[in-house]
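**Q** So the chains spell out like this:
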Amino acid sequence: MSAYWYSDRENVLVNSAVAFLVYDCVEHAGFTVAPWGGDGKALQDRRYGQWSATLAAKNGQKPEIRKIPGVMPEQPARPALSPEHQRAETTCTNSVGRAGFPELLEGLAGDLSVQQQITQNAVGLTEQDAEYVAYREAWQKCLAAKGLKLRAGDTWTVESSGSKEDEIRVALLDVECKESSGGARKPYDIFAQYQAAQMKDHQAELNALAEQKSAAVERARRVLRDHGVADARL
Amino acid sequence: MAWLMPDSETALSRHAMTRVPRWWLLLSCVALVVAGLVAAYWAGSAAAASAGPHYEPPAEIPVSATVQKRAVNQQAILTGRVVAGATSAVRASLPEGTDRLILTSTPKAAGDSVAPGELLAVVSGRPLLMIQASVPLYRDIKPGDAGMDVQALQRALAGLGLAVKISGIFDQPTQSALKTWYGNAGFEAPSPLEPVSAATNGGGKSSKASTVMFSWREFVQVPGDTGRIASMAAVGTLLPEDGVVAHIAIAEDTIVARANLLQAKDFAVGAPATVRAGSTSMDSAVAAVSAFVEGDESKNEVPGVDITLPIPAGAQGLSPEQSVTVTSGSVPPESLAVPLIAIRQENGIAYVQLSAPDGPRRIDVTVTAQADGWAAIDDGGGLAVGDSVLLP
Chain X
1 MSAYWYSDRE
11 NVLVNSAVAF
21 LVYDCVEHAG
31 FTVAPWGGDG
41 KALQDRRYGQ
51 WSATLAAKNG
61 QKPEIRKIPG
71 VMPEQPARPA
81 LSPEHQRAET
91 TCTNSVGRAG
101 FPELLEGLAG
111 DLSVQQQITQ
121 NAVGLTEQDA
131 EYVAYREAWQ
141 KCLAAKGLKL
151 RAGDTWTVES
161 SGSKEDEIRV
171 ALLDVECKES
181 SGGARKPYDI
191 FAQYQAAQMK
201 DHQAELNALA
211 EQKSAAVERA
221 RRVLRDHGVA
231 DARL
Chain R
1 MAWLMPDSET
11 ALSRHAMTRV
21 PRWWLLLSCV
31 ALVVAGLVAA
41 YWAGSAAAAS
51 AGPHYEPPAE
61 IPVSATVQKR
71 AVNQQAILTG
81 RVVAGATSAV
91 RASLPEGTDR
101 LILTSTPKAA
111 GDSVAPGELL
121 AVVSGRPLLM
131 IQASVPLYRD
141 IKPGDAGMDV
151 QALQRALAGL
161 GLAVKISGIF
171 DQPTQSALKT
181 WYGNAGFEAP
191 SPLEPVSAAT
201 NGGGKSSKAS
211 TVMFSWREFV
221 QVPGDTGRIA
231 SMAAVGTLLP
241 EDGVVAHIAI
251 AEDTIVARAN
261 LLQAKDFAVG
271 APATVRAGST
281 SMDSAVAAVS
291 AFVEGDESKN
301 EVPGVDITLP
311 IPAGAQGLSP
321 EQSVTVTSGS
331 VPPESLAVPL
341 IAIRQENGIA
351 YVQLSAPDGP
361 RRIDVTVTAQ
371 ADGWAAIDDG
381 GGLAVGDSVL
391 LP
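Residue numbers (the working numbering), protein chains in the order written: chain X, 1 to 234; chain R, 1 to 392.
FYI, nobody ran anything at the bench for these hints, they're computed from the structure.
The reader is advised that the hints may include incorrect statements.
[Unchecked claim] Here are the simulated lysine-lysine pairs, PhoX-like style, with alpha carbons at most 25 Å apart:
hint : chain 1 : residue 1 : chain 2 : residue 2
1    : R       : K142      : X       : K164
2    : R       : K299      : X       : K62
3    : X       : K164      : R       : K265
4    : R       : K265      : X       : K62
5    : R       : K299      : X       : K67
6    : R       : K179      : R       : K142
7    : X       : K58       : R       : K179
[Claimed, not checked] With the C-beta cut set under 7 Å, the calculated list includes, among others, these residues of chain R facing chain X:
hint : residue
8    : Y182
9    : N260
10   : V289
Here a beta-carbon is modelled for each residue, glycine too, at the ideal position from N, C-alpha and C.
The task is simple: from the sequences and hints, build the whole structure.
**A** As structure tokens, then:
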């Protein structure tokens with residue numbers, strides 16, 4: 001499904017293009033805008049909790065965060081804006097909106113796109129899958145044997161005392177239990193199978209989305225080039 | 001006026017619909033079509049026959065790998081650095097009657113070891129002698145003086161092999177021992193400015209020349225009593241205001257590496273480890289493991305524990321702050337091994353397909369370790385070095 005959503009890098013390009021278009025509007029209103037460096041972040045997929053012992057040893061239960069380089073060099077902090085300037089920025093942000101760029105990001109609230117529906121269906125089907133249910137039961141049994149509990153209201157996060165050391169130790173035990181229950185990647189594999197089955201049924205729509213995404217990214221690159229961003233950063 | 005325009009479509013249709021009264025023309029057309037089909041079939045067959053051998057699907061080419069003897073073990077590798085051992089500064093005090101501290105001479109150089117009894121340096125013409133750290137240096141000791149410091153001095157002198165009785169009084173034998181120490185270093189022990197009476201000096205003649213005093217400024221100490229000179233001022237130089245003559249390393253350099261909690265399992269105290277710096281490789285063992293350290297993302301420091309290893313005796317080419325890698329464990333033993341992709345699974349049982357003249361044969365195996373794309377397998381599985389196993 002990653003072909004139908006923006007990659008982290010593509011998302012930075014599109015967001016930067018939108019920002020430049022907003023700033024064009026602000027400048028048109030008579031204000032000068034400091035260019036924005038941009039600095040995206042990518043989160044490790046942890047739909048079914050922490051799955052890597054190496055990442056657990058580094059981050060505990062927290063997802064891996066990596067910085068996506070922006071399209072502009074690092075910028076100094078923006079000075080305080082005058083009320084008029086702020087108003088102009090707000091007006092332009094509202095009027096430019098997404099500047100016609102489609103929102104192709106996984107997990108956006110209210111997203112009814114086909115790829116979002118496929119994901120939601122795959123999640124639902126995975127959670128009813130007998131192999132998945134057996135896996136989860138084995139994992140929970142293993143956690144209980146180690147004296148660990150799941151955080152209330154959260155189905156995949158294991159409770160810890162709160163200290164960094166304890167969080168990491170608990171995260172490592174969590175992954176250990178997943179490995180002994182059939183492999184930490186098992187739920188993802190089951191999920192991927194359901195997802196693939198549904199993608200077959202919607203291939204035409206997905207192909208259209210892939211084209212839409214390519215066109216949006218290409219347009220974003222054009223906007224950025226027009227605003228002086230070097231090709232090396234695109 | 002559309003209705004005035006000629007209706008060309010209607011006109012054409014009318015023309016096409018006109019029947020042709022020549023029946024033989026239809027028969028001729030049918031015969032021509034049949035002849036064309038026959039000719040096309042013949043031409044196609046001939047072209048196919050001349051195109052070469054018949055197409056056959058390619059036969060599957062078996063890909064195999066050879067069973068080998070190799071060391072397969074997942075070893076944790078840490079990045080560490082050489083941490084300089086603690087040092088202690090040795091300071092000189094201005095001798096009586098001098099204005100400046102000049103390092104006159106020294107028998108020592110950087111890297112030399114130092115121990116009590118030795119002459120460390122000569123500053124402004126007076127010696128700096130190494131004395132045990134147990135002697136409290138806070139006053140000059142003159143003949144007849146008594147106290148705990150005198151007792152400690154006597155013990156120190158005795159420790160150097162000099163004949164002295166532990167009386168707690170700076171008596172004649174103690175002074176003689178001190179004189180001998182100074183003499184061995186090539187200096188005369190200082191004398192008290194005031195003459196000392198025979199009674200005060202524990203008997204003997206009342207003479208200034210025959211008595212000596214302990215001038216604390218001419219002695220230096222280091223914690224632990226021994227060490228190695230890390231740095232020394234150059235001879236002839238004016239010492240800084242704080243009088244530092246040398247820095248003595250009182251603890252050896254060590255190697256410190258951060259292990260995350262997953263890696264820390266392989267680095268318990270006493271566990272063997274291999275230290276590598278450039279082309280140098282040396283065996284060591286974990287000497288200490290710190291408490292948990294949170295790490296600092298901005299400095300690229302992962303949370304975990306700090307592993308400390310001593311630098312093996314005689315190790316060359318390691319200097320403070322140098323980067324090293326620390327690998328857990330010693331070299332693992334060799335065992336039978338196959339590429340990991342050769343391992344197949346069925347109902348939870350691992351097996352390989354042995355390539356045999358009479359066709360592939362299934363051999364069940366027990367995987368004992370896997371690393372770097374290789375799987376170590378139990379020797380009792382019916383495989384031998386040199387056997388070929390099929391890759392899927």
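**Q** Please flag the earlier hints that this structure goes against, numbers listed from lowest up.
**A** 1, 7, 8 and 10
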